[in-house]
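J.: Top to bottom, those sequences are chains L and F. Note that my numbering has the first sequence beginning at 500, numbered continuously upward. Note that my numbering has the second sequence beginning at 2, numbered continuously upward.
These aren't lab readings, by the way, just hints derived from the structure by calculation. You can take every hint at face value.
Cut-off 27 angstroms, straight-line C-alpha distance, at most; resulting in silico cross-link-like pairs (DSSO-like, lysine-lysine):
| no. | chain 1 | residue 1 | chain 2 | residue 2 |
| --- | --- | --- | --- | --- |
| 1 | L | Lys679 | F | Lys307 |
| 2 | L | Lys678 | F | Lys307 |
| 3 | L | Lys593 | L | Lys525 |
| 4 | F | Lys137 | L | Lys525 |
| 5 | F | Lys307 | L | Lys684 |
| 6 | L | Lys525 | F | Lys77 |
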Amino acid sequence: MIAHAIFFYTFSIIAIVSAIMVTASKNTVHSVFFLILDFISISCLFIMIGAEFLGMIMLIVYVGAVAVLFLFVVMMLNVAQQKNQWFAGQATSKHIPVGLIISTLIFFEIIIVIGGWKYKPEIFDINNSLANTSVSNTHSLGQVLYTDYIHVFQISGMILLVAMVGAIVLTFRQRSGVKKQSYIKQISRERAEGVEVLEVQSNKGVKIDD
Amino acid sequence: MEYLSIVFEEVYKILFLLVPVLVSVAMIVWLDRRVWAFVQKRQGPNVVGPFGLLQSLADALKYIFKEMIIPSSSNKVIFILAPIVTMTLALIAWAVIPFSATQVLADINVGILYLFAVSSLGVYGIIMGGWASNSKYPFLGAIRSAAQMVSYEVSIGVIIINVLLCVGSLNLNDIVIAQQNLWFVIPLFPMFVIFFISALAETNRPPFDLPEAEAELVAGYQTEYSGMMYAMFWLGEYANILLMCAMGAILFLGGWLSPIELYPFTLIPGAIWLILKILLLFFLFALVKAIVPRYRYDQLMRLGWKVFLPFSLIWVVITASYLFYFNLLPVN
Numbered sequence: 500m501i502a503h504a505i506f507f508y509t510f511s512i513i514a515i516v517s518a519i520m521v522t523a524s525k526n527t528v529h530s531v532f533f534l535i536l537d538f539i540s541i542s543c544l545f546i547m548i549g550a551e552f553l554g555m556i557m558l559i560v561y562v563g564a565v566a567v568l569f570l571f572v573v574m575m576l577n578v579a580q581q582k583n584q585w586f587a588g589q590a591t592s593k594h595i596p597v598g599l600i601i602s603t604l605i606f607f608e609i610i611i612v613i614g615g616w617k618y619k620p621e622i623f624d625i626n627n628s629l630a631n632t633s634v635s636n637t638h639s640l641g642q643v644l645y646t647d648y649i650h651v652f653q654i655s656g657m658i659l660l661v662a663m664v665g666a667i668v669l670t671f672r673q674r675s676g677v678k679k680q681s682y683i684k685q686i687s688r689e690r691a692e693g694v695e696v697l698e699v700q701s702n703k704g705v706k707i708d709d
Numbered sequence: 002m003e004y005l006s007i008v009f010e011e012v013y014k015i016l017f018l019l020v021p022v023l024v025s026v027a028m029i030v031w032l033d034r035r036v037w038a039f040v041q042k043r044q045g046p047n048v049v050g051p052f053g054l055l056q057s058l059a060d061a062l063k064y065i066f067k068e069m070i071i072p073s074s075s076n077k078v079i080f081i082l083a084p085i086v087t088m089t090l091a092l093i094a095w096a097v098i099p100f101s102a103t104q105v106l107a108d109i110n111v112g113i114l115y116l117f118a119v120s121s122l123g124v125y126g127i128i129m130g131g132w133a134s135n136s137k138y139p140f141l142g143a144i145r146s147a148a149q150m151v152s153y154e155v156s157i158g159v160i161i162i163n164v165l166l167c168v169g170s171l172n173l174n175d176i177v178i179a180q181q182n183l184w185f186v187i188p189l190f191p192m193f194v195i196f197f198i199s200a201l202a203e204t205n206r207p208p209f210d211l212p213e214a215e216a217e218l219v220a221g222y223q224t225e226y227s228g229m230m231y232a233m234f235w236l237g238e239y240a241n242i243l244l245m246c247a248m249g250a251i252l253f254l255g256g257w258l259s260p261i262e263l264y265p266f267t268l269i270p271g272a273i274w275l276i277l278k279i280l281l282l283f284f285l286f287a288l289v290k291a292i293v294p295r296y297r298y299d300q301l302m303r304l305g306w307k308v309f310l311p312f313s314l315i316w317v318v319i320t321a322s323y324l325f326y327f328n329l330l331p332v333n
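Please model the entire structure based on the sequences and the hints provided.
T.: Below is the structure:
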C-alpha cells in the first residue's frame with residue numbers, strides 16, 4: 500500500500516503543479532507542454548485505479564492528437580512571448596469580471612459535488628448491477644457501450660461528425676487561380692504528349708507556342 | 002527490503018531487455034547501410050571489424066567525443082529534452098513486446114493500445130526539437146512531420162481494429178495465440194500492406210522522409226543538433242523502426258509462433274522466431290529505402306487520408322460482416 504500511495508501522490512502532485520503551470524507560464528508553448536504533462540499524469544492515475552482502457556484512450560486521443568493540434572495552433576500563431584498586463588499592473592483587462600463570474604460558478608459546482616459526495620453518498624451511489632468484476636474493464640465497457648448505451652454512443656458520434664463537417668465548411672475557401680494537380684492525368688501521361696522532336700534550323704531557332 | 006528486492010528484480014529484467022535492444026539498434030543501422038549499398042552495387046561499411054560489423058560502434062564513439070552545440074537563441078530546456086523524449090519513448094514501448102508466452106516484461110491487458118499510444122507520442126520528440134531549435138529549417142521539418150505522423154496514425158489505428166476484430170482481446174499474447182492456425186497476413190493481406198506503408202510513414206523512413214528531406218530542409222528537425230544529442234535522435238529513430246517491425250510481426254506474422262508446428266522447428270525458442278520475423282520486415286524497410294524515390298508532400302497527405310483511411314475503414318466493415326455472418330466472432 501505504501502508504494503501505491505507514493506505513486507498516487509507523485510502523479511497527483513505532478514498533475515496539480517502542471518495544471519497550475521499551464522495558466523502561470525508566460526510562454527504559450529510551454530503551457531501546452533505542461534498541459535501534455537498534465538494529461539499524461541492523469542492517465543497514469545486512471546491506470547492506477549484499474550481503468551487501463553480509459554487511461555490509454557486518454558493518451559491516444561488527448562496527448563496523441565488533440566494536444567498536437569494545440570501545439571500546431573500555438574506555434575503557428577506565434578504568440579510565444581505575450582505580455583501579461585494583469586500581472587504587470589498596468590491597464591486593466593475587460594475580461595476579468597467574466598473570468599471572475601465563471602470561476603465562482605466552477606468553485607460552487609466543485610463544492611456541491613465534493614460536499615454531496617461527502618455528506619449524501621446515496622445520491623452518487625452508482626448502479627453497479629452492470630459492472631462485472633470477472634471480466635476486464637475493456638470487455639465490460641464494450642458490453643455496455645454497444646448494447647445499453649448504443650443510442651447515446653451513436654448520437655455523440657454524430658455530434659462529433661457534425662462538428663467536424665461544420666469546422667471544415669466554415670474554414671473552406673474556394674481560392675481562384677490555384678493550380679491543381681490531377682494524379683490520374685499525371686500518371687497517364689505518355690511520352691508522345693510531352694516530347695516533340697523538332698528540326699532546328701540554323702540562325703532561325705524554333706518557335707514554341709505556349 | 003521487500004520493495005528493494007522487487008525493484009532490483011525489475012531493473013535486472015529491464016536491463017536484460019533494453020541492452021539487447023540497444024545493441025541490435027546499432028547492428029540494424031549497419032544492416033540498413035549494407036542492404037542500401039548492395040542494392041546500389043556498392044560495398045557499404047566493411048572496414049571496421051568483420052564485415053564492418055563494428056561500424057556503428059565506431060560512429061557512436063565519434064558522436065560521444067564531438068561537442069554538443071546548443072544554439073544561443075534556442076529554448077535550451079526543450080532543446081535538450083527533445084532527443085531524450087524520442088529515445089525514452091522508443092525504448093519504453095518494448096516493455097509489452099512478448100518474446101514468448103512467458104517472456105514479456107509487462108503482460109498488460111491493453112498491450113496493443115499501449116503500443117499505439119507510445120507510438121503516437123513519438124511525434125513530440127520531433128516537434129519539441131524542431132520548435133526549440135528556433136530556426137526555419139527545423140521548424141518546417143517539425144510541422145511537416147507532425148502532420149505526417151498524425152495522419153498515418155489514423156490508418157494504423159483502423160488496421161489495428163481489423164486485427165482486434167479477429168482476436169477479441171487487446172493483449173499482445175492473445176493476439177499471437179489467435180494466429181496459431183492461420184497468420185493474419187493471409188486473410189488480412191491488404192491490411193498488412195497498408196500497415197507496412199503506414200509504418201514507413203510513421204517512422205519517417207524513405208520514401209516518406211519529408212521531415213528530413215535533405216534537398217529542401219537540410220536535415221529537418223535535426224539540423225541544429227550535434228554530438229550525442231544527434232546520436233540519440235538517430236538511435237531513437239531506429240529503435241522506433243525496430244518497434245514498428247515488431248508490431249507488424251506480432252499483428253500479422255504470428256509473433257513468436259514458429260511457422261511450421263513440427264518437431265525440429267518447435268525446439269527453436271519463440272524469441273528467435275520473433276527476431277527472424279522482425280529482421281525480415283526490417284530487410285523490406287531497407288529495400289524500400291534503396292529503391293523508391295521520395296514522395297511529394299501533397300501526394301503523401303493524399304495517400305494517407307484519401308486512400309488508406311477509406312480503404313482500411315471499408316476493410317473493417319468487410320471483416321466485421323464476414324466474422325458476423327459466418328459466426329466466427331471471438332466471444333468470451
